[in-house]
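Number of protein chains: 2
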Amino acid sequence: MERGVVIGLLGLGTVGSGVVQIVKNHQQELQHKVGCQVSVGKILVRDKSKHRDLDIDEDQLTVEVEDVVHNPDIDVVIEVMGGVNQAREYIIQALQNKKHVVTANKDLMALYGAELLSVAAENGCDLFYEASVAGGIPVLRGMAEGLASDRITQMMGIVNGTTNYILTKMEQDGRDYEDVLREAQELGFAESDPTADVEGLDAARKIAILANLGFSMNVELEDVLVRGITTITTEDMEYCKQLGYSLKLIGLASRTEGRVELTVQPMLLPHSHPLASVQDEYNAVYVYGEAVGETMFYGPGAGSLPTATAVVSDLVTVVKNLRLGVNGQMTARPLYDKQLKTDKEVESKYFMRLQVRDETGTFDTLTALFAKEDVSFERLLQWPLENEKEPMAEVVLITHETNRAVYEKIYRELENMDVVLNVKSSYRVEGGQA
Amino acid sequence: MERGVVIGLLGLGTVGSGVVQIVKNHQQELQHKVGCQVSVGKILVRDKSKHRDLDIDEDQLTVEVEDVVHNPDIDVVIEVMGGVNQAREYIIQALQNKKHVVTANKDLMALYGAELLSVAAENGCDLFYEASVAGGIPVLRGMAEGLASDRITQMMGIVNGTTNYILTKMEQDGRDYEDVLREAQELGFAESDPTADVEGLDAARKIAILANLGFSMNVELEDVLVRGITTITTEDMEYCKQLGYSLKLIGLASRTEGRVELTVQPMLLPHSHPLASVQDEYNAVYVYGEAVGETMFYGPGAGSLPTATAVVSDLVTVVKNLRLGVNGQMTARPLYDKQLKTDKEVESKYFMRLQVRDETGTFDTLTALFAKEDVSFERLLQWPLENEKEPMAEVVLITHETNRAVYEKIYRELENMDVVLNVKSSYRVEGGQA
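Listed in order, the protein sequences are those of chains C and S.
Sequential numbering of the first sequence, starting at 10, is according to my numbering.
Sequential numbering of the second sequence, starting at 10, is according to my numbering.
Worth double-checking, as some hints may not be accurate.
If several chains are the same, the list does not tell them apart, and a pair holds so long as it fits within one copy or across any two.
Stated by the list, open to error - Listed next, the in silico DSS-like pairs over lysine-lysine satisfying Cα-Cα at most 30 Å (straight line): (1) LYS107 with LYS250; (2) LYS250 with LYS178; (3) LYS33 with LYS350; (4) LYS107 with LYS329; (5) LYS329 with LYS347; (6) LYS347 with LYS33; (7) LYS353 with LYS418; (8) LYS33 with LYS398.
These are computed hints drawn from the structure, not numbers from a lab.
Looking at chain C on its own, in the form it has when it is part of the complex (with noise of 0.2 Å):
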């Protein structure tokens, strides 16, 4: 360990930038912290020639990934090139030449994460990956090991920056949601192409690593619910916040006598949540443990130095492991088999917005559907709309608990109910009551 930990990067974009960059300006805490030198070696890039504004050799770069995974001089592979498929076949191969691996992807480790942690381990390796979820928080080291000897029932998380933003802009100015997200697009905040973050995409993989780590269970992106925000209307924001919620795109992983339920979508939570007051491309995950009941850790959810802050604090315990001679020695493989709720047991409110026919009886056949399922209101409003052809009246509920089998049984009646001219919109509420 006298010549230093020498770390290889596949990647030199805006993360790997970063992780350059902190590996230099705080070598002198990083030497104290983990007792020996640690200097950049190899960095694979696509194109050598491109300028970088970065105090890097030219010689570190090169275009071979051999340079990388297969160089005796590297003791630690970061992964910090993006996409899927390429990127596996990269790590799988350094950890096969022992290379301990900290990765940032969290495309990858949502599809590939059982895998990747499976081969790490045959390979005495380390694999370790806190960047790829809520960026610079250190929100799986929290779970792991902070609430280690505890008993997680419930994450959820504003994992997603830029739906966030959006979401904040809206409830704030009353914009509505095509106008913010061009706001967003021209300030870099979002995409030119944003449907994996609109859509809940994103959020969904950051929820499936989650929950692998939560709940100890080895869940697939597939069973993740999703739903994005592109539907959500002004009108939607106003009725909300009126009531006393913020509506937010949720990536909620919850459990239940060892039965889960993943999804994300967008939710109304009570202002007085921790999550509520989250605003604009921050990040938060709220976590409900047994023993610990609430807790939150809120931060940047990406930008190149707070992601390199997490890379290179998973590469700190990298290297303290190096020195203990410990690597790959802890990977905690699943302890529960996946079993999922079906949609009797998962439980929730629900706000809906409805127009229907403003008629002697209207309320009466609406609520008269509820009683029969069994479902009863926390808040129902009713009032006229201005309409020219007919009497039409806008209706605004929030029901007590249900279950989602239920409530689409609801929902699907509503939509073929004669005094109902238009479902406008429907979300869950969760975090109790405003």
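Got chain C; can you put chain S on it based on the hints?
Chain S only, in chain C's frame:
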């Protein structure tokens, strides 16, 4: 390790009982995490005959400390007895007998942390103390490991649940300090002698522990400038609220170019600040790192099971280290010498409320005093007060950034000014503009 790991407890009060419960109820998860059985051996108590609602054998209880700290069957000693001198002595004995130690004792760690960590290192033992700050929130671990690669420049904590409960109720319900304190005492949120909490001493201990860890420096409890909440009035609360701020008891540790400031005092935080929405008895620690930016750790600051969760999570780390044979090897000694900021180096904004004679020139006299010291205003409001004897006005102001030396000079001059009848209150303002 076949026989598993046996822990001994010093104390069986609120936290100790929680530890016994968690070790029993979460045994399956614990075994899965550490790969061996973890059981409770001897427990030091004051009175063996006291009735306890716990599943323990009577012969586990002892009144002799030797049965725990000299017991060859015990691997890890958990100190949850509280107090300073005796706890210190017992922990040193345990460490000298090569027992690893987990403590929840903030008083002890604030006063003798450096000494105890050094005894632990000499004896090749682990000494962990996550539960000593912010109960169930894994903030020490989050900083030491999750932000391991970063350079922390500021920590701000709501680290005392009693005072946060009192201030929350004062803010929400417009009730006065004495009234809420009485209620908090009835509900068990405040001690019958609340001095350590309401005068900020408890928070000072925690901020000293946080600073030692976060800044890698040995600070002393007496380096913390402390001011409590006992003089906060409902008027102060109301003005702060109207100006867009929350008044919170904040423990602050900040570092600029190697020089640190440590203080506990009521501070105004803009409503948008993550700490401003921490309500009731909850705790939160806001950490600013050069690379990661803003992060926050939120959760329960006290309570039997939350605090015990932190203790048992430390225990999990000790047991993992035991199995790997790496205890006591990575205790980092302080990297930096202590250098405290002078009053001239402590920069911040201030809120002030004054009662003045309502006569021509008063306003000018006041503003001239601030101008002379080069301090400008972010907000400045004046309005007449009902008063029979002479015309009076109230002035509320928020300064722009200045240093503590200058501000205190102004404060003293104001107190001696003829036009100033009363300096009603004065608080620091942190966390940006409302």
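Legend entry - Within, between, both or neither, where LYS353 and LYS418 count as close if Cα-Cα is 30 Å or less: Intra 11 Å, inter 68 Å, cutoff 30 Å: intra-copy only.
Inset, instruction - With 30 Å as the alpha-carbon cut-off, assign the pair LYS347 and LYS33 to within, between, both or neither. - result: This pair counts as between: shortest inter-copy Cα distance 25 Å, intra-copy 43 Å.
Legend entry - Alpha-carbon proximity between LYS107 and LYS250, which holds within one copy, between copies, both or neither at 30 Å: Classified as neither: same-chain Cα gap 54 Å, cross-chain 58 Å, threshold 30 Å.
Inset, instruction - Evaluate LYS329 and LYS347 at a C-alpha cut-off of 30 Å and name the case that applies: within, between, both or neither. - result: between (33 Å within a copy, 26 Å between copies)
Legend entry - Same-copy or cross-copy closeness of LYS250 to LYS178 [CA-CA at most 30 Å]: both (13 Å within a copy, 23 Å between copies)
Inset, instruction - Indicate which option fits the pair LYS33, LYS350 if close means a Cα-Cα distance not exceeding 30 Å: within, between, both or neither. - result: between (48 Å within a copy, 28 Å between copies)
Inset, instruction - Pop the pair LYS33 and LYS398 into one bin, within, between, both or neither, using alpha-carbon distances up to 30 Å. - result: neither (70 Å within a copy, 68 Å between copies)
Legend entry - Intra- versus inter-subunit Cα pairing at 30 Å for LYS107 with LYS329: For LYS107 and LYS329, the Cα distance is within 30 Å both inside one copy (16 Å) and across copies (22 Å).
Checked against the numbered hints above, the structure breaks hints 1 and 8 and satisfies the rest.
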